[in-house]
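Residue numbers for the sequence shown follow my numbering, beginning at 152 and rising by one.
Bear in mind the hints are in silico, worked out from the structure with no lab data behind them.
One thing to keep in mind: the hints can contain errors.
[Stated by the list, open to error] Computed spacing ranges between beta-carbons, pair by pair: (1) ASP319 to GLN174: 50 to 58 Å; (2) TYR360 to THR215: 45 to 53 Å; (3) PRO317 to ALA340: 31 to 39 Å; (4) GLU178 to ASP319: 33 to 41 Å; (5) GLU314 to GLY196: 40 to 48 Å; (6) ALA175 to ASP250: 51 to 59 Å; (7) TYR217 to TYR360: 45 to 53 Å; (8) CYS193 to TYR217: 28 to 36 Å; (9) ASP250 to GLY214: 23 to 31 Å; (10) ARG233 to GLY287: 29 to 37 Å.
Ideal placement from N, C-alpha and C gives every residue a C-beta, glycine not left out.
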Amino acid sequence: MPDKSDHPEQEKPPAQGQPRRRQARGERRVAQLLEAAATVFCATGYTAASTNAIAREAGVSPGTLYQFFPNKEAIAIELGDRLMHEMRETYGEALAPVDPATPLDEAVGAAVDRFIAFNCDHPVFFALMHGPDIPGLIAEEHDALHATLLSRIEGLLSSFLPEAPPADLARTAHMCLGMYKAGLELILAHEGAERDAYVQELKNALSRYLAPLVGDRLGRPGHTATATR
């Protein structure tokens, strides 16, 4: 969020509630600039993007942009921080404990759907987090997010693989996340029915990978995931 030095009109609080109105206008402007930046980053990548292009996409002057952000990196960091906060909420829901009565393919499908929905709603997340030229601070925060995500997957796996050694759980978690990330790239490269088909292929791959490990610990006794094609 902008600090006072980036937004001088907030430095002297006028009377009769004007600071709140001005702050609201500032927040709307920041949201407008971040939305424009997301569009530009998706279209050109971070390195090729410019503050002029972002200002033009937002329909404001470069001077207005500089009231809120000193440079392109500050915009990317603010955008990335907001996206990662939302992503943490998403995986908190997607990787919640699974009811033992839930069949494996349903559990996998529900988690995949939540993650895919987030990335489809926010394509700039993939563009920023997986690009070769992201700012260092974003890379550090993404590494921390990745580590936490792996830990959550390991914890979920351990709930129905209680006898598995930690090294095996870690390996399985890495494989699941690696398969998801590879599938996500294909999914985001397609639209419509073809995208849906790739989503189903990802669910199939994860379910079939996990089925021999999980066995009948999820779903009905003796039940194994049988993902449809």
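Going through the hints against the structure:
1. ASP319 to GLN174: 50 to 58 Å: holds (52 Å)
2. TYR360 to THR215: 45 to 53 Å: Since TYR360 and THR215 have Cβ atoms about 50 Å apart, the given range 45 to 53 Å holds.
3. PRO317 to ALA340: 31 to 39 Å: holds (35 Å)
4. GLU178 to ASP319: 33 to 41 Å: violated (47 Å)
5. GLU314 to GLY196: 40 to 48 Å: About 46 Å separates the Cβ atoms of GLU314 and GLY196, which means 40 to 48 Å holds.
6. ALA175 to ASP250: 51 to 59 Å: violated (43 Å)
7. TYR217 to TYR360: 45 to 53 Å: At roughly 49 Å between Cβ atoms, TYR360 and TYR217 fall inside 45 to 53 Å, so the hint holds.
8. CYS193 to TYR217: 28 to 36 Å: This hint is violated: roughly 23 Å between Cβ atoms.
9. ASP250 to GLY214: 23 to 31 Å: With Cβ atoms ~55 Å apart, the hint is violated.
10. ARG233 to GLY287: 29 to 37 Å: With Cβ atoms ~18 Å apart, the hint is violated.
In terms of the numbered hints stated before, the structure departs from hints 4, 6, 8, 9 and 10, listed from lowest to highest.
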